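*Asks:* Given chain D's structure and the hints, the job is docking chain R onto it.
Each chain is listed here by its residues.
There are 2 protein chains.
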Amino acid sequence: MAEKLPTRAENYSGWYNDLVVRADLAQHSATKGSMVIKPYGFSIWEKMQRQLDDMFKETGHVNAYFPLLIPKSFMSKEADHIDGFAMECAVVTHHRLKKNPAGDGVVVDPDARLEEEYIIRPTSETIIWNTYRDWIQSYRDLPLLINQWANVMRWELRTRLFLRTAEFLWQEGHTAHETSEEAVEETLKILDVYTTFAEEFLCIPVIQGVKPEHEKFPGAVDTYCIEALMQDGKALQAGTSHFLGQNFAKAFDVTYLSRENKPEHVWATSWGVSTRLVGALIMAHSDDQGLILPPSVAPHQVVIVPLGNKPADKEVVAAASKEMIEKFKALGIRVKLDDDDKRRPGWKFAQYELQGVPVRVVIGPRDLKEGKIEVARRDTKEKMSLELEGAADKIKDLLDEIQQNIRQKALDFRAENTHDANSWEEFQDLIANKGGFVYAHWDGTTETANKIKAETKATIRCIPLDGDKEPGQCIFTGNPSAQKVIFAKAY
Amino acid sequence: MAEKLPTRAENYSGWYNDLVVRADLAQHSATKGSMVIKPYGFSIWEKMQRQLDDMFKETGHVNAYFPLLIPKSFMSKEADHIDGFAMECAVVTHHRLKKNPAGDGVVVDPDARLEEEYIIRPTSETIIWNTYRDWIQSYRDLPLLINQWANVMRWELRTRLFLRTAEFLWQEGHTAHETSEEAVEETLKILDVYTTFAEEFLCIPVIQGVKPEHEKFPGAVDTYCIEALMQDGKALQAGTSHFLGQNFAKAFDVTYLSRENKPEHVWATSWGVSTRLVGALIMAHSDDQGLILPPSVAPHQVVIVPLGNKPADKEVVAAASKEMIEKFKALGIRVKLDDDDKRRPGWKFAQYELQGVPVRVVIGPRDLKEGKIEVARRDTKEKMSLELEGAADKIKDLLDEIQQNIRQKALDFRAENTHDANSWEEFQDLIANKGGFVYAHWDGTTETANKIKAETKATIRCIPLDGDKEPGQCIFTGNPSAQKVIFAKAY
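For the protein sequence lines, the chains are D and R, in the order given. Each residue of the first sequence is one higher than the one before, counting from 1 in our numbering. Each residue of the second sequence is one higher than the one before, counting from 1 in our numbering.
One chain only, chain D, in its complex shape (with noise of 0.2 angstroms):
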């Protein structure tokens, strides 16, 4: 083991750069911007695409896949796209290298030069409206609910692990709809689906809500988001459905023929979550030591370490590892054996700590000859004792309580850090001392807006859907407020 993790309360964000690198999870690359997800961290991310991905399946969506490469003429067309987009991205300007006649290596062959050039995807409405074109010509081919996995690039230069790179992966729903409630029905059908992944699979709590217009996505008529917590309380936005009108439709002239036989534009969503999640669910849960997972996306759930030097313990000792593996798989149970004779016992403990895995199950030869094992849990560090005979089925229920337990910490965490300010040094004072999310009533525009951000750094996180709804005044100008609104320092 290196050196000790700084402390959340020391260094938060270098509590978190260090544990990303040091648990395995990803690391910078040689590529500027982008990182490299490593075996640990993406196993987390797969866990997290399968359960989603069966979420929009058990809803209706296919997944499709459409061209990395935008033709640049596509930005453009869609006015408020443009503006929000285009601007930071990574450039196909030549098709060709050759060798360089100066010398060694490789340049860019100035024969090769695109017609016209192209831009990596920072998101696909554009080639996927300027597609849907040809797939819908009547209201039979409607409502069309489709999802893409795939990797986006916007360029970044001051990046962080997971929370914001040049490159990332994500899922991006396109779907196209006969009616504009149609259309924002699916909207906040999603917005449900992430709530649910979010709350129950990752066990972080978020607050649905809608963004104020100078937030929206560019192109969207609303955008709906999940709002986390994280525990320096900073707010995370951790996913966005968006209502997109007629915008895309109009801009890529996307038409059918309605049920009264007129030629109508067609309304759309789009929707998506990036492996910013993993980012997410590190911020909110984990702890000076390391990691905490929640046994749903732990790569491993269990980790079984055998001790035990002489041979007759040894040989003891693997035949009850093997049967509790086998106990453990039949049980659904994700189980590692680390038998690995060139680490300590000390340094694995302290390694699995540091990497979050659930349940530590030491099975050691003095215990065994009682018929016993010792467990300890990751979240609460408890140790337990338990009898080898119908351990297996316990250390399941362990796992739900595990679950449930990281879920009630990070809600009580949230119910903490949660404030309603009336006034403006209310405000203030509780945006510069507590932190957290802070309920005020905002007057309604983007110009009020910004001057509470650049007093107090913090911004509207959005208009919850849900709570409130009594009018009131502006804590910053005294004008009227349809209803409070959370305010947040945010990633």
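Among these hints, one or two may not hold up.
To be verified - Dumping the calculated DSSO-like pairs for lysine-lysine here, alpha-carbon to alpha-carbon at most 30 angstroms:
| id | chain 1 | residue 1 | chain 2 | residue 2 |
| --- | --- | --- | --- | --- |
| 1 | D | K348 | D | K396 |
| 2 | D | K348 | R | K262 |
| 3 | D | K57 | R | K348 |
| 4 | D | K32 | R | K99 |
| 5 | R | K262 | D | K32 |
As the list claims (entries may be wrong) - Incomplete in silico selection of chain D near chain R, CB under 8 angstroms:
| id | residue |
| --- | --- |
| 6 | K38 |
| 7 | F66 |
| 8 | T93 |
| 9 | L97 |
| 10 | A102 |
| 11 | L142 |
| 12 | I146 |
| 13 | Q171 |
| 14 | P345 |
| 15 | V375 |
| 16 | R377 |
| 17 | L411 |
| 18 | I463 |
Because the hints were derived from the structure by calculation, they are not lab data. Bear in mind the structure is a predicted one, so any value in this text is a computation, not a measurement. Glycine included, each C-beta is placed from N, C-alpha and C at the ideal position.
*Replies:* Just chain R now, with coordinates in the frame of chain D:
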């Protein structure tokens, strides 16, 4: 239904192109050289992915993700690699667009030129071995058994859907080992995984072999492959597994401390299969009426088409359909119900024939009164009347039978289209008039292979690992030959 497909006999390549589009598998896109994989086609790829991924994991591999963009200088570090790959590729030269100062739209911002250009990965050996340098210190870190699911790009303008496109989807395995023997063993283990996958899951019999020197992967010591035969008598390379020796370890300076505490270069393999396999699947099994899909990869294994227009009939038929669906689902069978009133049954029959659904179940009021349903299998077009009671179990068996029949048919086809040529005349005649795999002696030189190709268009597909190892004389030069090799015209 639109007009009929061309027949395979009159225009095999037109048949293939039409079938891919009309069966809703894929289409060309606005991005030159890139395709859109439509939901029905993507679903086939997903089944392949899931199966392969399970097989990789069972053999100890894990997934990770490396950057899409590769610094240009990396491509010239391995001498053979650059010649083979870097030339026709997408080059990213800028990172920003700006509004066109002279009019509409956007232009590339000349101020945002990158210091070093990036290329979009044509394959990832270079960026991965550059990363492995940090991951590997000692023999304890080996073997590294990593796979990546990714999109890659090789600039191609003469494209064919699935078979050759600029962007395609694939998996690429990249492993690192202590010894040459262990790396060769891994190379062959994966060749076996690919073989089992192709033969069992895709019903495509393949021949395992090694590529002649001039057909090797650029940077490999040996390239192993599996070669399949298509219905037009042309060969298709269905997967490759490369023993890379220490070439990339040397190019990227990746060493490990051995068990004897000495620094040594690491030994490597890489291996991949791609969405090209969807093309192989279509060409291996389908007929003039459309796709024939093995049940293992079919998006829907069974389609239920209910008949009857009278409300009372409809009700009875709907109830029976619902019951059948539940039974199919309980048996793990992927079933689709098509009760869409907007289409006639005849249209549906033709559609599912075109799309290759292995089993069609027709539930009609008249049959139902006698407790029967009509079942048609796609592969043989045979129709049968089954007792409703117990039908689901029988159909489960039928799906197995279909899988076997499709496999057997492909095996028989290959047997009928594999010949030995013992003279140059015989060889020319076979290649020109019969096609298929031709076993013949070859003197082992690239020069002879090139001359044979120039005269007949046939290439050496592989030096087969199994089979007749008897030496002889080259059919072209009469020089000594160690064993017969396989020639064919190829995709």
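*Asks:* Taking the earlier hints as the rules, which of them does this structure contradict?
*Replies:* Hints 5, 10, 11, 13, 14, 15, 16, 17 and 18 contradicted; others consistent.
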